[in-house]
Amino acid sequence: MREKVKFLSGLISVLAIVALIAGCAGPSSTPSASSPTASTSASPSASPTQAKEIVIGVVAPLTGEAATFGKSTQQGAQLAADEWNAKGGLLGAKIRLVVSDDKGDPTEAAAAFTREIEQDKVVAIVGTVMSKCSLAGAPICQAHKIPMISPTSTNPKVTEVGDYIFRACFIDPFQGTVGAKFAYDNLGVRKAACIFDVGNDYTKGLSEYFRDKFKELGGEIVGFEAHPTGTTDFNAQLTKIISAGPELIYISDYYNDAGLIMKQARALGFKGYFLGGDGWDSPDLVKIGGDAVEGGFFTNHFSKDDPRPEVQNLVKAYTAKFGEPPDALAALAYDAANLMFDAIQRAGSTDGTAIRDALKTTNFKAVSGQITFDQNRNPVKAAVIIEMKNGQQVYKATVQP
Amino acid sequence: MDLSAVFNFQQLVNGLQLGAIYALIALGYTMVYGIIRLINFAHGDFYMIGAYSVYFFGIYFLTAHTGINPILVFIMAIIISMAAGALIAVLANQIAYKPLRYRPRLSALITAVGVSMFLEYFFSSLPFIGPSYLAFPNDAIIPRTEYLLGGVHLNNYQIIDLGVAILLMGFLTWFVRGTMTGKAMRAVSLDKDASKLMGIDIEKIIMITFLIGGAFAGVAGLLAGITYPRINPYMGILPGLKAFVAAVLGGIGIIPGAMLGAFLLGIAEVFATSFNSLLGEGIAFAILILVLIFRPQGLLGEKTAEKV
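Same order as they appear, the protein sequences are chains D and Z. Everything in the first sequence is counted per numbering that gives the first Met the number 0, starting at 0 for the first residue and increasing by one. Everything in the second sequence is counted per numbering that gives the first Met the number 0, starting at 0 for the first residue and increasing by one.
It is worth saying that the hints were derived from the structure and are not from the lab. All C-beta atoms in this analysis are idealised placements derived from N, C-alpha and C, irrespective of residue type, glycine included. Treat each hint with caution, since some may be false.
[Claimed, not checked] Facing chain Z, according to a computed beta carbon distance under 7 Å, are these residues of chain D, among others:
id: 1; residue: Ser242
id: 2; residue: Lys270
id: 3; residue: Gly271
[To be verified] Which bits of chain D does chain Z cover? Going by a derived footprint, with three or more residues having C-beta under 8 Å, they are:
id: 4; segment: 233-240
id: 5; segment: 284-290
Throw the hints in and build the complete structure from the sequences for me.
Structure follows, in structure tokens:
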């Protein structure tokens, strides 16, 4: 008993010490996180003679679970800034990026946004990657009247925070609209059916938007079947769908469900097209679906094989600078930064409200398509269609909304 | 609504396929219950382990040794899945259930839930398994062939599932009724203490029960992996629950009852799903409630009066 008490009190004192150290380390780690950003160039107060500069904030998860996303985002934004600076800068001033790490954590994101606005005095922010982090940062930008463009946060709520918040990617359901257009115009399909996971807003939204747009175009939806999350046997739904004779099945599920569905649909004798969204974008799609995936199409944000000059110029410049081809995150960050710089140029000022008003009237030729913003500050732009050929993703077409 | 899309032969085949998978799980479930009166919630996880054992066999052994006779490959896969399921079932019995043998039945039941969760989360924490879906190498184990018979699409997986389910039911019925070990099993299920007095090593009998039950779950996992080639550590939860419902529907502890219940459930689920795609999942549990209200002993069960 005595031993036990001793052990317990020892344990408690160790815990207390650990807590103390952690408590001290907490605040001191904050400045150290921002120090690399300060070292990228001399601080403004120390160099009054230096040429004028415009400070733009970038927030991205440089460490943590989405670290690769953060790296691509930082590199995409950096490339855009370097290109503008090489062409003489913005409003006669050099662009300086202040990059902060949100670690994929909303609390860290809120701190990073606050620090960039209050200490670094940024005029606008490009960021951040994850929707949950953007949702933490957006109210801060809105309150300080600092325009923000998230490159990749797809949650519709992000831009609903306020009129200073924009995004460079299309929101999820929009892919359904583009898919319907591709099916109707490019594939010439007139009868389609949908299958989706009823427990997932992403797949449900895609299918609903597909249905609405396809009907609006004059097509017929002959089946609209849900399945619960975690289903492995889709035969009942598929048999019903196939008996209605669709030429195309729209499968908005993620790759693992989509692979099984395609396999089972082919086994039930379906001969038509398959079409899906960016949830298919995984090598496991082919592993699970096998031959059934062959010839399937899906919508995505970006393809590095897209022959448009904007895309190929980015691929060339990015590969030369960073030694790897850009992924969708890098392309969207590049677009987001360019949209912001373009708006500042047109506004002729670094005033937040002026930039916001300029952003609203954006009509910019970006890598991911000609971009304008709708009334909810979501981009209206093209999506790319990827075809599965020999188990590989191949660029098929670009579809305007 | 066009009912010909709901009630047709293709949907019946779909229902039989689903029922066969439920039957494979339900047989082991009902046997373990019949002998030791334990609802072994971890049974669905033994099934998951059977699937994973063949997954690793497929991706490590078969990719390194190509050109083996396909029938031999299938037999090896069956043996591996059965061995893995049996091993984990015997371990679960020895470690978790044995110490609770003479405790209230509720303790063993809660422990079964614990064993089930332990296996799910332990496996999903292993770096080479992980919580996400893995693609099951089904074509490497049995190449798929499809048939078209009078407008109905069939494949060899469905025939194998159905064949194995019937074979295992036959074996189990013979084993429990026709062998000395089976006789001992029935004796243990009737009265543990009296069996002991008659010189039966009841721990050995219970171990054999788990061995067979686990092996059945393992082979069910293999066939599910082949039929629906996508596995994850939680794949056993829902089929396990539905197999339990099937066992109760047929009369828990009765071997042909599990088979009947599983096929009825599979067919009912497919028809309900094709009628309204959200109805299907609930139908299994609606059936459970109805059976418990109107025929608690199950379709093939006999009403037994509790002795006071």
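>> So, against the hints stated earlier in the document, which numbers end up violated here?
In response: 2 and 3
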